[in-house]
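Participant: Taken in order, these protein sequences are the chains called A and B.
With the working numbering, you'll find the first sequence wraps up at 388, consecutive numbering, no jumps.
With the working numbering, you'll find the second sequence wraps up at 388, consecutive numbering, no jumps.
Don't take every hint at face value.
Under 10 Å between C-beta atoms, here's a sample of chain B residues computed to sit facing chain A [as the list claims (entries may be wrong)]:
hint : residue
1    : F24
2    : Q61
3    : C94
4    : K100
5    : A215
6    : E239
7    : P243
8    : R277
9    : Q294
Distance windows between CB atoms, simulated [unchecked claim]:
hint : chain 1 : residue 1 : chain 2 : residue 2 : range
10   : B       : D81       : A       : K227      : 38 to 44 Å
11   : B       : E374      : A       : P68       : 32 to 38 Å
12   : B       : A307      : A       : E157      : 33 to 39 Å
13   : A       : V387      : B       : E314      : 41 to 47 Å
14   : A       : M96       : B       : A205      : 14 to 20 Å
15   : A       : R98       : B       : R285      : 31 to 37 Å
16   : A       : K137      : B       : R315      : 48 to 54 Å
17   : B       : I189      : A       : E306      : 27 to 33 Å
Note that these hints are calculated values from the structure, not bench results.
We put the CB at the ideal spot given by N, CA and C, even for glycine.
Residue strings, one per chain:
2 protein chains.
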Amino acid sequence: MRITDIRETAVALKSDLRNAVFDFSEMTTSVVAVITDVVREGRPVAGFAFNSTGRYACGAQMRDRFIPRLRKAPPGSLLNDAGDNLDAEKILACMMQREKPGGHTERSVAIGTIEVAVWDAIAKIAGKPLHRVLAEKYSGGRSPQRVPCYVGGGWYEPGKGVKELQDEIRARLDQGYTTMKIKVGGAAIPEDVKRVEAALAVVGAADRLAVDANAGFDRTRALAYAKALAPFRLRWFEEPTGPLDYALLADVAAEYDSPIGTGENLFSTEDVENLVRFGRLRPDRDIIQTDVPQSYGIVQFSRTLEAVKRHGWERKSFFPHGGNQMTLHIVGGFGLGGCEAYPGVFGIFAGFADDARVENGFLKLPERPGIGFEAQNALYAVMRELVD
Amino acid sequence: MRITDIRETAVALKSDLRNAVFDFSEMTTSVVAVITDVVREGRPVAGFAFNSTGRYACGAQMRDRFIPRLRKAPPGSLLNDAGDNLDAEKILACMMQREKPGGHTERSVAIGTIEVAVWDAIAKIAGKPLHRVLAEKYSGGRSPQRVPCYVGGGWYEPGKGVKELQDEIRARLDQGYTTMKIKVGGAAIPEDVKRVEAALAVVGAADRLAVDANAGFDRTRALAYAKALAPFRLRWFEEPTGPLDYALLADVAAEYDSPIGTGENLFSTEDVENLVRFGRLRPDRDIIQTDVPQSYGIVQFSRTLEAVKRHGWERKSFFPHGGNQMTLHIVGGFGLGGCEAYPGVFGIFAGFADDARVENGFLKLPERPGIGFEAQNALYAVMRELVD
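For reference, chain A alone in the conformation it holds in the complex (with noise of 0.2 Å):
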């Protein structure tokens, strides 16, 4: 068996959202196919990833060197020792092949996304949803049947106030959700404590109810809010700080006892055995969301959580960032802390199966083999395009 061709398109995602940072007027997706010559159900396999969102589009570096990498191995040094399937980590060693050390984004958001994309192949050569593969590797075949979901959410936008929070809350705990994250840092800390206190009202519990700075502050604000948001006892706090300014949120870490949550801008094993190490970030407590397509893939993801296993941390700490498919599968077969969920807001890129309900705060892991993108219509739709 082979992969017989890697195709790739980039998407606009047409978002006017804004967080208190930046705007995503102009964000791109790149979405990959990785197509094989093994035939399922009277077609070729083909695996499908997009490089999550935030990130833009990075079809040229996998047009330049990824793809053309992948085309020129010999396609048995890209399979298992059985030659029944691709090995993803043998592709994640030849795509990496000529790249210098350090400058991780440029290339992870690329690589990381055909890896994604090679592992729903895998998954449905083998038959299985990707949860169960991952499991099978990585967790002892231990796979739930379901995983805690929160939802994000909480924008601010002109002529919103405190009401339309709520009301905006209640919907999503109408959905199944329990547990909402909202943005903090677009007003001032009085009117966010408002919006905090009136969020609360509604969730009902304390650790239903975490915030999201978008690493907007500076040293003097991302201190007051802990100071201000502290008393709340909230789920966590996310973003204090710059993502890579371990000083500040090891300061903040000591000014702020609950749990605090980042590391969704960070790209390599490196950079987050930086972040526990020179953050103090607490494995007691503290949230960890790497977003898995953007940092390499699932293979990296795995040394990841064995370098910050050496520091304490387990497995339950890892929200990753990016509300979709691909991720509800990684926290599924790895047994990570949850997902996140952004309903419509980030496109045909945001949420899971069509079909997908949460329930009481969780969502069912899909059965259908692969990631199931399939039960997606369109997202497929586009997917689709790239093989057909």
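Position chain B relative to chain A; hints supplied.
Facilitator: Just chain B now, with coordinates in the frame of chain A:
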């Protein structure tokens, strides 16, 4: 006045170079022209730059995001207060719109290359060499006549023994260099120690020889080399660890009393600040090797200098990566420690003006307006194609 167009092209390096970690056989570089409507000597002023070496071409990011953002900006918003020249700081801010925090390298190389080309245009419009423009803005007008310049080499090649290494070094001394940097890590420690002894015998003094491990060592090997090299008291020991492995770097620094150099694979002010803070580097001796066009350019480099100054680091500690004419001006204009040279190694992208001569380890700063790529015939032929 305004920018009328920004054009770019990717050029293959065609280098058969290989260090201890990776090879350059697929390497490409982006060449950029920023064209203005200001006329000097009968033709529109164009500023040029390229993205140094070691990171692949980044034209897609330029075409998709940074060039369109500059095109869309009102021309006046990119000018200085007098309205008679471009303002690099405003141009940097314009390119950074709608960019998510972190994830630097995916954009820093493309933005930095355009930004350095803008500086070439600024200096040409001002009718001054770039180093003088930078000295006036950033160094209180103090601009040296010449800067220290060392030469890199000492690669491993089949059949190359200590005699051939000594011949290579002798040839460089004959060309006017006094300080040489050679590779380590491509052989076993006893052989590398013999190479260092042989090189020292030719250069004649320990502070005239540096060694470069190219970030290829694991913990055991990094510490073993530190121990083996310490007695020589070399000029510096470069990249003894992975670029982001600050914890190991701190351990190496604790064992290795002589200077350590690193930083060419860090691309943001935040990363360099983490390096000096957590890598426990010593401001009284260690060397930081930022690559300016790969790290958002000159304005951001001035911010990096300010950031590390708060940790006690002087400008003399900086020896920027990239043996080229851009770096030469930056070293002169900011009064940095010195620059590197790789004559003949990176094709048209290596070296300085065709008639530049190193004398007793120093290189004279050029007097031609701008960066002066016009005096590098082979490189300028590629640049000229972008504007003709």
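Participant: Evaluate each hint against the coordinates.
Facilitator: Taking the hints in turn, this is what the structure says about them:
no. : hint                          : in the structure
1   : F24                           : holds (8 Å)
2   : Q61                           : holds (7 Å)
3   : C94                           : violated (13 Å)
4   : K100                          : holds (5 Å)
5   : A215                          : holds (4 Å)
6   : E239                          : holds (8 Å)
7   : P243                          : holds (4 Å)
8   : R277                          : holds (6 Å)
9   : Q294                          : holds (8 Å)
10  : D81(B) - K227(A): 38 to 44 Å  : holds (39 Å)
11  : E374(B) - P68(A): 32 to 38 Å  : holds (35 Å)
12  : A307(B) - E157(A): 33 to 39 Å : holds (35 Å)
13  : V387(A) - E314(B): 41 to 47 Å : violated (58 Å)
14  : M96(A) - A205(B): 14 to 20 Å  : violated (39 Å)
15  : R98(A) - R285(B): 31 to 37 Å  : holds (34 Å)
16  : K137(A) - R315(B): 48 to 54 Å : holds (51 Å)
17  : I189(B) - E306(A): 27 to 33 Å : holds (28 Å)
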